Amino acid sequence: MRELDVARITQAVAELFLEANYVIGTDVMDKLAQSQAVEPSPLGRMVLEQIIENNTIGARERMPVCQDTGLSVVYLSIGQEVHLVGGSLEEAVNAGVRKAYQEGYLRKSIVAEPLFDRKNTGDNTPCVLHVRLIPGDKVQITAIAKGFGSENMSQLKMLTPSDGVEGVKRFVLRVVEEAGPNPCPPLVVGVGIGGSFELCALMAKRATSLPMSRSHRDPRYKALEDDLEREINRLGIGPAGYGGQTTALKVHIMTAPTHIAGLPVAVNICCHAARHAEMTL
Amino acid sequence: MKKVRLPLTDEVARELRAGDQVLLSGSVLTGRDAAHKRLAALLEKGEDLPVCLQGEVIYYVGPAPARPGQPVGSAGPTSSYRMDIYTPPLLARGLKGMIGKGRLGPETMRAMPRYGAVYFGAIGGSAVLISKAIRSARVVAYEDLGPEAIHRFEIVDLPAVVCVDTQGGNLYEEGPKLYKQHAM
Chain Z
-18 MRELDVARIT QAVAELFLEA NYVIGTDVMD KLAQSQAVEP SPLGRMVLEQ IIENNTIGAR
42 ERMPVCQDTG LSVVYLSIGQ EVHLVGGSLE EAVNAGVRKA YQEGYLRKSI VAEPLFDRKN
102 TGDNTPCVLH VRLIPGDKVQ ITAIAKGFGS ENMSQLKMLT PSDGVEGVKR FVLRVVEEAG
162 PNPCPPLVVG VGIGGSFELC ALMAKRATSL PMSRSHRDPR YKALEDDLER EINRLGIGPA
222 GYGGQTTALK VHIMTAPTHI AGLPVAVNIC CHAARHAEMT L
Chain G
140 MKKVRLPLTD EVARELRAGD QVLLSGSVLT GRDAAHKRLA ALLEKGEDLP VCLQGEVIYY
200 VGPAPARPGQ PVGSAGPTSS YRMDIYTPPL LARGLKGMIG KGRLGPETMR AMPRYGAVYF
260 GAIGGSAVLI SKAIRSARVV AYEDLGPEAI HRFEIVDLPA VVCVDTQGGN LYEEGPKLYK
320 QHAM
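Protein chains in written order, with the numbering used here: chain Z, -18 to 262; chain G, 140 to 323.
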């Protein structure tokens, strides 16, 4: 058994949320630059140029690239040979979120209760925490700062098996078209296919945090990712929704076994400010 | 690139066309969901608003906290459609424009030509760059709402694009049409 003090998880979570909010990954920055080079719309090119400049200054001056510093989502994969000591894991993760948002000049955007009072908790906690056990003695942490301009444009639909590949494509394209300019395109589109109602949504969220270079390992799903990216970029929405051919930077699909009667599909939309960071302890 | 002074006059507003790139300078109010809800409640009760809206432009923004020595933290636009249900009565009170991102709803779109109002798009997720154009910020109402309070910003050359003009021209309709390559 490897002992790990949860205080180290607090520190790691704090660092990851600062990093995610200040620094857009080089994979996304490269993709933005490539898109800007080929975007035919003059307004579209101007928008991409402004986004690239914004992200460059954000990283240099350690300022959040977007004022919506998000709802904090944490994925923890804990090696089953790790013994966590020093207190509650959930409290330790939230302490990390609190530290980042209070000390890092990040906006606090969480209300304690969703319908009646909607009172701000003042420290961006609680986060949404997903924990799973994996073999080994390491702890992998993924932090996602999820803005709600794009989260609000996400959808899930329980398709039927007969809807097939065409049904999945139609649904994904419809979600992106309905979202239009609202979720701050160009987008990273996370698609979950299969599983149950909730697993499907979890996969879609997780998919938005994958590296730009990653593709589904099954070549049929990789072809579907490429096909969807091409089709989305023919919708005409463009950067900021002002018209153009850069609407999606990447489509990521994650899949899971599902029921004989079902074909769940979830589309989690992420804006161009794809803010996530990972660390292994 | 046109330079536009805020608050807006009718003459300046009328000359702007959807798709124009502009640099906005002058004075704007800020407000988003919670502040709009309170303004709408006052109008419903027939009470006075805490700010005069005549000729004003509202920027839909909830800034990140300012670092020491800065007037404001990162301050990009939020999605405008959430303010739609509150907007027509504010236009009737003299509001001349909004700065935000994303589509406006049909009622706001219908009301805007009637009041000669303009909708400017700022680039979502360009919050650091925009914050550099904000030279001062002070709370004018609803301090308890924190980042959602109504602020008065003095801005210099804030980059924006005219998305909806006083004639009803709409960049979010016209722009994508030019680049759409297939029908759904």
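Source of the hints: derived by calculation from the structure; they are not laboratory data.
Being a predicted model, the structure only gives us computed values, none of them experimental.
C-beta atoms are modelled at their ideal positions from N, C-alpha and C, and glycine is treated no differently.
Hints are not guaranteed to be accurate.
So these bits of chain Z aren't anywhere near chain G, every CB distance computed over 12 Å [claimed, not checked]: (1) Gly39; (2) Met44; (3) Asp49; (4) Val66; (5) Leu110; (6) Val112; (7) Thr123; (8) Val146; (9) Asn163; (10) Glu212; (11) Thr239; (12) Thr261.
Some, not all, of what chain Z presents toward chain G, calculated at C-beta under 7 Å [what the hints assert, rightly or not]: (13) Asn35; (14) Thr37; (15) Ala40; (16) Pro45; (17) Tyr86; (18) Arg88; (19) Ile91; (20) Val92; (21) Phe97; (22) Gly130; (23) Gly161; (24) Gly217; (25) Ala221; (26) Gly222; (27) Cys252; (28) Ala254.
Hints, verified against the model:
The claim that glycine 39 of chain Z lies off the interface is violated: its Cβ sits roughly 5 Å from the closest Cβ of chain G, which falls inside the 12 Å cut-off. Methionine 44 of chain Z, annotated as away from the interface, has a beta carbon of chain G within 12 Å; the closest lies near 5 Å. In this structure aspartate 49 of chain Z is not separated from chain G by more than 12 Å, as the shortest Cβ-Cβ distance comes to only about 7 Å. Every C-beta of chain G lies more than 12 Å from that of valine 66 of chain Z, the closest at about 34 Å, which supports listing it as non-interface.
Against chain G, the non-interface label of leucine 110 of chain Z holds: every CB pair exceeds 12 Å, the least being about 23 Å. Interface exclusion of valine 112 of chain Z from chain G stands, the closest Cβ pair being 29 Å apart, more than 12 Å. Against the 12 Å criterion, threonine 123 of chain Z stays outside the reach of chain G, whose nearest CB is about 21 Å from its own CB. No Cβ of chain G comes within 12 Å of the Cβ of valine 146 of chain Z; the nearest lies about 16 Å off, and the non-interface call holds.
Asparagine 163 of chain Z, annotated as away from the interface, has a beta carbon of chain G within 12 Å; the closest lies near 4 Å. A cut-off of 12 Å between C-beta atoms contradicts the statement that glutamate 212 of chain Z is not in contact with chain G; the least separation is 8 Å. The beta carbon of threonine 239 of chain Z is kept farther than 12 Å from every beta carbon of chain G, the shortest such distance being approximately 26 Å. Chain G leaves threonine 261 of chain Z outside its interface by the beta-carbon criterion, the shortest separation being 28 Å against a cut-off of 12 Å.
Satisfaction of the interface hint for asparagine 35 of chain Z is found here, the shortest Cβ-Cβ separation to chain G being roughly 4 Å, below the 7 Å cut-off. Given the 7 Å rule on beta carbons, the hint for threonine 37 of chain Z is violated: about 9 Å separates it from the nearest Cβ of chain G. Hint status for alanine 40 of chain Z: violated, given a least beta-carbon distance of 9 Å to chain G, over 7 Å. The restraint placing proline 45 of chain Z at the interface with chain G holds, with a minimum CB-CB distance near 5 Å, inside the 7 Å limit.
The interface hint given for tyrosine 86 of chain Z holds, since its Cβ lies 5 Å from the closest Cβ of chain G, which is under the 7 Å cut-off. Hint status for arginine 88 of chain Z relative to chain G: holds, with the closest Cβ pair at about 4 Å, below 7 Å. About 12 Å separates the beta-carbon of isoleucine 91 of chain Z from the nearest beta-carbon of chain G, more than 7 Å, and the hint is not met. A least Cβ separation of about 10 Å between valine 92 of chain Z and chain G goes past the 7 Å threshold, and the interface hint is therefore violated.
Evaluation of the phenylalanine 97 of chain Z hint against chain G yields a violated restraint, the C-beta minimum of about 13 Å exceeding 7 Å. Nearest Cβ of chain G to the Cβ of glycine 130 of chain Z: about 5 Å, under the 7 Å cut. The hint holds. About 6 Å separates the beta-carbon of glycine 161 of chain Z from the nearest beta-carbon of chain G, less than 7 Å, and the hint is met. With its C-beta approaching chain G no nearer than about 3 Å, glycine 217 of chain Z sits inside the 7 Å limit, and its interface hint holds.
With a least beta-carbon distance of about 6 Å to chain G, the hint placing alanine 221 of chain Z at the interface is held under the 7 Å criterion. Taken as an interface hint, glycine 222 of chain Z checks out: its beta carbon lies about 6 Å from the nearest beta carbon of chain G, inside 7 Å. Checking cysteine 252 of chain Z against chain G: minimum C-beta separation of about 6 Å stays under 7 Å; hint holds. Evaluation of the alanine 254 of chain Z hint against chain G yields a held restraint, the C-beta minimum of about 4 Å falling below 7 Å.
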